[in-house]
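Taking the hints into account, I'd like the entire structure generated from these sequences.
Chains as they are written, first to last, in the working numbering: chain A, 1295 to 1633; chain B, 1295 to 1633; chain C, 1295 to 1633; chain D, 1295 to 1633.
Calculated from the structure, these hints are not laboratory results. You may find that some hints are simply not true.
Since the list gives no way to pick out one identical chain from another, each pair is judged satisfied if it fits inside one copy or across any two copies.
Quick list of in silico lysine-lysine cross-link-like pairs, DSS-like style, CA-CA up to 30 Å [as the list claims (entries may be wrong)]: (1) Lys1489 <-> Lys1442; (2) Lys1321 <-> Lys1442; (3) Lys1412 <-> Lys1321; (4) Lys1361 <-> Lys1412.
Number of protein chains: 4
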Amino acid sequence: MLIVMERDCSAEQLQKVVEKIQKMGFKAHPIPGEVRTAIGVTGNRTPLDPAEFETLSGVESAIAVTKPYKLVSREVKQEDSRICVGPVTIGGTGFVAIAGPCAVESEKQTLEAALAVKDAGAHMLRGGAFKPRTSPYSFQGLGLEGLKILALARRETGLPIVTEAVDDESVGLVEEYADMIQIGARNMQNFQLLKRAGRSKRPVLLKRGMSATLDELLMSAEYILSEGNYNVVLCERGVRTFADHARNTLDLSVVPAVKKRSHLPIFVDPSHGTGIREKVGPLARAALAVGADGVIIEVHPDPDAALSDGPQSLLPGMFADLMRDLGRMAPLVGRAMER
Amino acid sequence: MLIVMERDCSAEQLQKVVEKIQKMGFKAHPIPGEVRTAIGVTGNRTPLDPAEFETLSGVESAIAVTKPYKLVSREVKQEDSRICVGPVTIGGTGFVAIAGPCAVESEKQTLEAALAVKDAGAHMLRGGAFKPRTSPYSFQGLGLEGLKILALARRETGLPIVTEAVDDESVGLVEEYADMIQIGARNMQNFQLLKRAGRSKRPVLLKRGMSATLDELLMSAEYILSEGNYNVVLCERGVRTFADHARNTLDLSVVPAVKKRSHLPIFVDPSHGTGIREKVGPLARAALAVGADGVIIEVHPDPDAALSDGPQSLLPGMFADLMRDLGRMAPLVGRAMER
Amino acid sequence: MLIVMERDCSAEQLQKVVEKIQKMGFKAHPIPGEVRTAIGVTGNRTPLDPAEFETLSGVESAIAVTKPYKLVSREVKQEDSRICVGPVTIGGTGFVAIAGPCAVESEKQTLEAALAVKDAGAHMLRGGAFKPRTSPYSFQGLGLEGLKILALARRETGLPIVTEAVDDESVGLVEEYADMIQIGARNMQNFQLLKRAGRSKRPVLLKRGMSATLDELLMSAEYILSEGNYNVVLCERGVRTFADHARNTLDLSVVPAVKKRSHLPIFVDPSHGTGIREKVGPLARAALAVGADGVIIEVHPDPDAALSDGPQSLLPGMFADLMRDLGRMAPLVGRAMER
Amino acid sequence: MLIVMERDCSAEQLQKVVEKIQKMGFKAHPIPGEVRTAIGVTGNRTPLDPAEFETLSGVESAIAVTKPYKLVSREVKQEDSRICVGPVTIGGTGFVAIAGPCAVESEKQTLEAALAVKDAGAHMLRGGAFKPRTSPYSFQGLGLEGLKILALARRETGLPIVTEAVDDESVGLVEEYADMIQIGARNMQNFQLLKRAGRSKRPVLLKRGMSATLDELLMSAEYILSEGNYNVVLCERGVRTFADHARNTLDLSVVPAVKKRSHLPIFVDPSHGTGIREKVGPLARAALAVGADGVIIEVHPDPDAALSDGPQSLLPGMFADLMRDLGRMAPLVGRAMER
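Encoded structure:
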């Protein structure tokens, strides 16, 4: 159920509605919009009667939400959400580029990559300190030390940081050292982690699972919003199919599909989405063209020496060229790429 | 085996090499390039000895081809192939738009669509006269009558025609009435049909099967080339996956992958690739951005009345807007869209 | 629409109903059952009014068929279909084993395999004379010569023959020399071929395409039945997925799903379904356990020398062991394996 | 690296080898076998020199392990592992049936189901207290209260309990109240959870992720073993494909593939694997036939009232029939089903 308040409703009227919802045993989620506020109701197992709310003062209408997801739905919030990460706004008319190494390996490597992507025009820095790896014997990241290096890179470049968290403890650390929490594809349905991220004050970058449907991705986002954190950015990073010419099959048509069903911004990760350096540029351009709000790209000063995902990392020069291309194309699809 | 001739080799020297190959019981495929001619050798089950050929006069080198496909391979021909369909060139620096209704339903509907797509700047007209349909009880196309309508539409608009053939008989008819033969996704491994198309003088548009790997697509093209028809254009039209937000999953990363392995042009079909009208535009823009040589798009003057694939057909006005967008973006990716 | 005749309706009454259907411009398919005859109506685009038929004499009821497929549907025919191939009955309480080499390579190899599988208890012989191969440079089968070898093997062993046809011409030859026409997975949606097989007097073994849904498989069978050939046996042979531990993913749950929706028998091909010799036995046992009507298994006297699919062919001794296992298990699932 | 000790090596010799490994900075995993002990070495990034170990007294040989997984590999341990859960042994010649409701909903429902499955011959009881659900608004399980009900059901029936844990806290509770920890498909690559389970004394039932390759499943098991818990049972529960006739595509050919590569037992879950009650029986029989070590099946006294997965739950009577069938088939595949 979504309760749409009148344009000029008072704070008191809003509060009364919230209280009524709570008294009924449900949860109220006030969603301030540009012209009016709506209140999402969750927790009810069966449909509610609109009349229960439409008779309250200040309420314009009460609308049943037909999708299994509610707070992430366009039905509930028609305007695109804008998510602020430090000075960067995601989800508006800008096209945002996040770049950096797959993993934080050392201060030198991270600073070198950070300065290079900053010079090339990136808006944010990525880099993994906690790395979920298929093998227990692979490099698992530097952990806290990695976070400290990322924080240093932010001081040096001014770029906000996004980095992955993999459990309660690492969410706490990422909250402290970084600007945005990444939930990786393998954890897209780690609901305990999603709930923890939902209680964080930091915005969340939620990657689509390798075989997640769009509805499942949106439901995972709903877990985060339903805990009170509305600052979620979705990210397509390739799905698993029979196709063997790339590491994953990048599903770009999910971008307009997200735009139709949800108000949340959607990014594309052409690095994991293809797994092959030479395809990153073409697919990043395609991501811009298809309507994505940004890209997240792996850049490494020396990919051959990378401890993970070297073959898909761009060299700094390739990334700079790509940024130039994207900057030129952006206005043609109604976007801007200033920093 | 690929035999690369010297730049200034004579026709006689070339002929001697061809004869030697034939005498060994194999097939010779002379492939004239811009600066020199190469000869593909097929039919051998085991590797050949380069020395057998390198000692012939006029031969520069004999190179083992490591891929299962040969004639379609970049190893064999480094320059991009350019395929001429009437006045239209596919595979150069142009970006080619083929458009028209899914099926030819009537003279009126087809002419209306043809004039509309011509006005909007399309380079070629599409329309099915032989329709392979999942159900035997669905509209199967107008057959010969449909081809005659397409020929009429060409006379009215000057646009070359591409239309699907489904068996020997229809290949013969399509050759007679149209400019380019389409082999549909369901027939991508109908090898009898591929061989028949390989003996045609008309260029072929070969669509990727619903679960075909890139190698399988290239091998199917190889069937056509190995029969002597080198004018093949590949087409990505979406693959079948678990994803349910679109009819198929459009695999745009296959475009740079084709470019790397083969000299053949590659198109994208965002209409079948998504199955949803509102996604056709974004994915067509993405196809241009990712490096495709063209798009093939369904346009219907009255989609709601269409006998097949109405929900994915653009209205003429939407198509005109899309063509404008593509025309503006093309120069930024090194393409032109004049007609 | 399905028109169910009364138990004791006369031939004349039946004929009157057929004529009425034809006069309305539709096609009538009388389907004799054990206790009564039904008539399937196809060709109508919109639902028919049951009253039109229920008032005719001899008609018990007229039932709208809700599935896109009609003649193959359980709604239309409730008893399991039994298909006779020479002395062999498929679809009853027997469990039928078809075995033999992937391809007919020589008289010696084929006779050796035929005698071996006969000795082991196989009911029918398989062997390809027309081989659809991914590469134009692979062995494509012996063609007519192969069919003659198969006919010879039948004379020597008494086993009925099933072999693949790939186009009109080969259907004609297979009809002449063999007992059952196989339509391969790659041709499951080659509708011209399906229609040709539908006009044949020979029963058809229709393999599921590599990414065909169950409905698509049933619709392809419907093409054959709608042309008048009701003797169709379906065959699951593995679908294409991301899983890489086997050549294909054998989808055994399709067996009970077919049983629910259709009266046609369903086979399983564990050889193509797994592509790995050592998995053929376990999956053949599973096919029996899950309710399949039979299996089709590749057996080669010398797999390492096979011209195609050697790694998935059983040695004659392995096949004999498997037949013994299946024979012991069959009674436990209500089947018999006598010959 | 795997170090195989001599048959009659002393505890002291073993200890010396372990110490040497630890001094080199690696981890030693002694793996006692029936006739001799082996020591797995993990933690090395580069291959080790066998000579370093083969010169130590008591060492028979040191073998490089070629697979990315080590401790789970057949190379490292040739005999099938046997996992004891209370009085039940998994992985020997027995075929083990775990059954019970999807979720623990109440004491009454759980006890009723527990008694019914016990009467039918089940060896263990399943039931979810912590339910990972796609939607945050779905029933999430009774938590600790559910575990207490399960413990009560064990007291009443004597059946050991397996139940899912979803995070550190719930692992601790499941360890306390139940006999075996289940890691669900969605958490197969929640590596923090795997490591926690690896430090548990309880055996673990690890379900294959929805799009996990066999190698990934084995690597996830490796996470558990590498922390010291060698009691892992794998479980196939269907993978995600395009096929739409069942909830998932049950990949039975993974069973012989696991048997080839690993010594760990493998179960099949035909309830989640198909999602449809009427398919559970056929696929459970197929699981036995294909070589699985057991099945885990959902049984609910009143499926229509179930809070989750009702449509795939068997009624107690159907389960009893199935157990009878399995009991009769088991000896034919070399298994026994006594309790």
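The hints, checked one at a time:
1. In the homo-oligomer, the alpha carbons of Lys1489 and Lys1442 lie at most 30 Å apart both inside one protomer (25 Å) and across protomers (25 Å), since each shortest distance falls under that limit.
2. For the identical chains of this complex, Lys1321 and Lys1442 are inter-copy neighbours only, at 28 Å across copies versus 38 Å inside a copy, given an alpha-carbon limit of 30 Å.
3. Taking identical chains as interchangeable, the C-alpha atoms of Lys1412 and Lys1321 are never at most 30 Å apart, the minima being 43 Å within one chain and 41 Å between chains.
4. For the homomeric pair Lys1361 and Lys1412, neither the shortest alpha-carbon distance inside one copy (41 Å) nor that between copies (40 Å) is at most 30 Å.
Violation of the numbered hints given earlier is confined to hints 3 and 4; the remaining hints are satisfied by the structure.
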